[in-house]
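J.: Could you put the whole structure together from the sequences, leaning on the hints where they help?
Residue 651 is where the sequence shown starts when you use the numbering used here, and the numbers rise one by one after that.
No wet-lab data here; the hints were simulated from the structure. Since the model is a prediction, treat every value here as computed from it, not as a measurement. C-beta: ideal position from N, C-alpha, C; glycine also. Keep in mind that a hint or two might mislead.
[Unchecked claim] Below, computed lysine to aspartate or glutamate pairings styled on DMTMM-like, alpha-carbon distance capped at 25 Å: (1) Lys907 - Asp681; (2) Lys946 - Asp804; (3) Lys694 - Glu901; (4) Lys694 - Asp681.
[Said to hold, decoys possible] Taking CB as the label site, the calculated pair distances span: (5) Lys1052 - Pro770: 24 to 34 Å; (6) Pro944 - Phe735: 26 to 36 Å; (7) Pro826 - Asp688: 30 to 40 Å.
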Amino acid sequence: MGSSLEHERPSCTLDEEKSSLPSKNWDRPIDVFVEDEDHQIRYKTLSWQFVSFLMIAEIVSNGMLSLPNALAVVGIVPGVILIVFMGIFGLFTAKLLIDFKLNHPEVHNMGDAGYIMFGPIGREILSAGTIIFAIFSTGSELLSGQLALSTLSDQGLCSMLLVGIFALVTLLIALPRTLDRLSWMGVVSAVTITISGIVAMAAAGANPAPGRIITPTSTATFYEAFLAITNPVFAYAGHFMFFILISEMREPRDAMKAAWCLQSFATTFYAVFAIVMYVYIGNTVESPVYLSLPPKWAKATFGIALGNFLFSGGIYAHTSAKLVFIRFFRHSRHVYSHTLLGWSVWTALCVASVAAAFVFAVAVPIFSDLIGIPASLFAAWYTYGIAGFFWLHDTYHLEGGKAALRRRPVGTILALLTILAGAFICVAGTYVSIKLIAESYAAGLVGKPFTC
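T.: Printed below as a string of structure tokens:
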């Protein structure tokens, strides 16, 4: 499928392209960021190697800590198959996303892509979805940081205070205007989460659970199974950031190299980590898995992972702020110069993103369950389903309409199956998330907001 969309425009004329896309896309410079030596702030500076680390840092994060528990529910065999399959599927959809970006350099985020394919309504829906999911993801990292700090302090401090401390540091990480300012932190973040996982596997091997039970396959109900597999499904849910990352690359054509590095590392590490932790701990494994380790090892692993939780939260907040900032000021001097208005708006957007995440994390007692809803509604499409629309759109508009789709039956079928997969994950994930919340209320497990 992917190789058909070359990184150069097909041979249709400029007028033909204009007629197939919303006219507004042709009223501005073709690339989202214009390079000029006189610019005080320059964006297209990232190498594909640093983009690889940024992708690994934001995707291989707290989501992996629930993978061993998923194996306990669905069984080790189907669980590992699912982890590997979703990794391959994620690489496939990344290819389609990258081809779409290369065909449309003006695309900066999912909202821009939505505008090309579905018009103004598509832009607003996909932009709002990106912002909502990024803020919820920031809140999830804040809660992971709070749990890590609580473990390190033996629950000696108020959890709301710990979330607030973590939020302040997250804000500082989000503030740089360009991603190259975050690139070295991305390297450190990717290294720390990897070392944390390795230490956890060593700790589990040195302290295996006595009498542990390992289940090859499971007879869990659909609800139980899908609730468990949402962790491996959404462990790869970082595609909503790819357009923004690629927009700041020196050579966007190298983006697929970064995607290969990401998916190869993530899939291998996820599978090894999940298998090792589950084999040594068994069906009693908790989520997050570090809580199943002896106290000193839980502290060590959480302490090492803190850097990743901070960076991931910061880059998520940066993403939501960047989308709105570019929407306001695209191609204006406030994007490229150190203006008072530009920095004021940028800072306010970063503060608003982190503040919203903080409020959700401490004011919504069911937040850890609630995040499954935006993940299902938006991340399911951004990571999986929408890639099918990308391929269908560009094949139709850039390669000859319906005749092009008929010439490519395999690609067309795969694109349609990708859309159906995204729709299934969206509907099923939303259903199990809502049911989980309802059960939590019915069982009286929901706490109170703004409490320690």
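J.: With reference to the structure, classify each hint as holding or not holding.
T.: Hints, verified against the model:
1. Lys907 - Asp681: holds, 21 Å
2. Lys946 - Asp804: holds, 11 Å
3. Lys694 - Glu901: holds, 8 Å
4. Lys694 - Asp681: holds, 10 Å
5. Lys1052 - Pro770: 24 to 34 Å: holds, 25 Å
6. Pro944 - Phe735: 26 to 36 Å: About 33 Å separates the Cβ atoms of Pro944 and Phe735, which means 26 to 36 Å holds.
7. Pro826 - Asp688: 30 to 40 Å: At 21 Å between Cβs, range violated.
Violated hint: 7 only; the structure is consistent with all others.
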